[in-house]
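Novice: My request is simple: use the sequences and hints to build the entire structure.
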Amino acid sequence: MRFWLWLCRCGPLYLLQTQAHPDLFPKNGPAYEEAVGIVRVSKDLKLDDEPARPTVPARFSAPINYTTFDTGFLQTGKGFFAQDADEKAMRVETIRHTLGMDLPSNVTTLIRGNKSYNMNGGDHAICRQVAFFGQQQFDDFFAWAANPLISEYRGKRVVAGRVCSLWYLLSTTQTRISLCAEGNAPVELNVTLPKNNSGGGISFNFSYQFGHLTKGSQVSEDLLQKPEICDTSAPPCENGSGLEPVPLDAYIFHPGMSADDYNLEDQNVADVAGDAAFICFDRLFRESKVDHNYTLISRYALEVSPAFGQYCPCNGYPDTIPSGPSCIAGEPRLVGRGAPFSAGDGELRCAAESPLGFWYGLPKGGRCSPGERPSKEAWATGCTWSVKQRVKTIHQACLLKDHGFLNYCKADVLEHKGFRRSAKALEAAFASEDPSIGGCADVGGPGVDENSVSMVLV
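For the numbering used here, add 319 to where a residue sits in the sequence shown, where the first one is 1.
None of these hints come from the bench; they were simulated from the model. Please read all numbers here as calculations on a predicted model, not as lab measurements. Glycine residues also receive a C-beta, built at the ideal position from the N, C-alpha and C atoms. Some hints could be false.
As the list claims (entries may be wrong) - Derived Cβ-Cβ restraints for the label pairs, each shown as a range: (1) T551 - G766: 32 to 40 Å; (2) I548 - E746: 32 to 40 Å; (3) G535 - A730: 47 to 55 Å; (4) P423 - K683: 30 to 38 Å; (5) Q537 - P637: 51 to 59 Å; (6) D421 - D638: 36 to 44 Å; (7) S536 - G701: 48 to 56 Å; (8) P651 - E540: 53 to 61 Å; (9) T492 - S688: 45 to 53 Å.
Specialist: Next up, the structure:
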């Protein structure tokens with residue numbers, strides 16, 4: 320499930336491309352005939368001062384000011400955009416502040432044809448190739464404006480002091496795309512996907528205001544090429560190589576439909592602060608309703624090698640639809656680690672601490688056999704993580720409803736100083752079973768040997 324939140328935070332352009340509707344390619348899409356009908360009817364509504372339709376340069380780059388609700392909250396900032404429609408390549412860079420903490424992060428998405436790469440982590444960036452699902456192709460978000468079958472002129476407007484002509488895509492879906500252009504130069508692009516298309520319970524929206532354009536051969540070749548860091552995973556942390564395993568007090572929000580939902584292989588866990596952040600945003604996004612029936616929260620005592628690898632977002636369980644688990648762009652053996660939402664330089668993968676806590680990836684290929692523990696050489700060979708015990712499992716309703724977790728979550732998000740209230744509430748839920756001090760009952764679950772002892776299936 321952390322895959323969806325990571326994707327919304329770190330790969331919004333990718334999400335938009337996979338959800339793009341066929342109206343952008345009318346001759347290939349089911350909306351073609353309907354679009355033709357729309358434009359015939361709209362001929363009588365043509366404005367007298369309608370200018371020539373914009374033909375945005377196929378290859379250009381420009382600084383941008385962005386406004387986005389792609390994480391469910393208003394974010395604004397500066398960035399950079401580059402595109403080559405002929406090469407089917409696009410790059411978007413944005414500087415963002417992590418929600419819940421004013422921690423700047425450089426988020427870069429590169430799309431080449433049907434491949435997408437997300438780079439996060441500033442000066443020590445980590446690259447992940449994200450396998451496409453849904454519509455698997457590059458989409459040109461400007462070419463439609465030149466097509467009279469699917470675009471409509473809506474008059475003049477002023478954007479950042481520039482007078483431009485406003486064009487709307489004649490969409491047969493609830494998706495809304497508009498382009499304000501000064502001649503052939505894009506001034507502002509606005510895109511909104513409806514709730515049912517955006518991979519979650521909220522609408523997906525962004526706006527780019529473009530600065531001065533660099534065109535054609537003046538656009539650097541390197542901007543739209545795949546960087547070398549995308550060819551390999553990040554190496555194990557040097558400051559953890561050659562060391563004994565360390566204890567990890569791990570939490571996980573998960574379904575409870577069968578014993579398979581307690582298997583930690585190819586799943587994401589977190590420390591208490593990291594899971595408080597995850598649960599907070601999962602509830603704000605209502606992602607569990609879209610994806611899997613997350614009803615339980617479990618706490619485990621683990622031992623892990625501190626030679627951490629690249630954090631690998633995972634999704635799904637054997638009994639969910641689609642079935643899982645499936646992970647993207649991670650190391651098949653090393654325990655992955657990173658700050659929530661890829662915040663901080665190098666995603667804080669090798670840092671001693673993180674103001675937002677840490678998320679961890681537990682690859683199946685790194686799990687130790689029963690009775691085995693990671694060795695000092697785990698950075699190079701052997702298993703990298705082991706389960707000592709399942710400490711406790713609670714029903715999510717106890718934390719979220721009985722103890723008002725969402726109130727703490729919202730307060731933390733608004734304060735921008737981390738998730739200290741949320742983390743304390745989560746910690747209290749596992750510290751006791753006394754509801755008067757925030758405690759929750761242990762609903763049971765399988766032991767480390769995966770034999771069910773006392774278990775609630777929901």
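Novice: Now tell me if each hint is right for this structure.
Specialist: Checked hints:
1. T551 - G766: 32 to 40 Å: This hint holds: roughly 38 Å between Cβ atoms.
2. I548 - E746: 32 to 40 Å: Distance hint for I548, E746 holds at roughly 37 Å.
3. G535 - A730: 47 to 55 Å: Given about 51 Å between the Cβ atoms, the range holds.
4. P423 - K683: 30 to 38 Å: holds (34 Å)
5. Q537 - P637: 51 to 59 Å: holds (52 Å)
6. D421 - D638: 36 to 44 Å: holds (40 Å)
7. S536 - G701: 48 to 56 Å: holds (52 Å)
8. P651 - E540: 53 to 61 Å: Once the Cβ atoms are compared, 33 Å apart, the range 53 to 61 Å for E540 and P651 is violated.
9. T492 - S688: 45 to 53 Å: Taking Cβ atoms as reference, T492 and S688 lie about 51 Å apart, which means the hint holds.
Violated hints amount to a single one, hint 8; each of the other numbered hints is respected by the structure.
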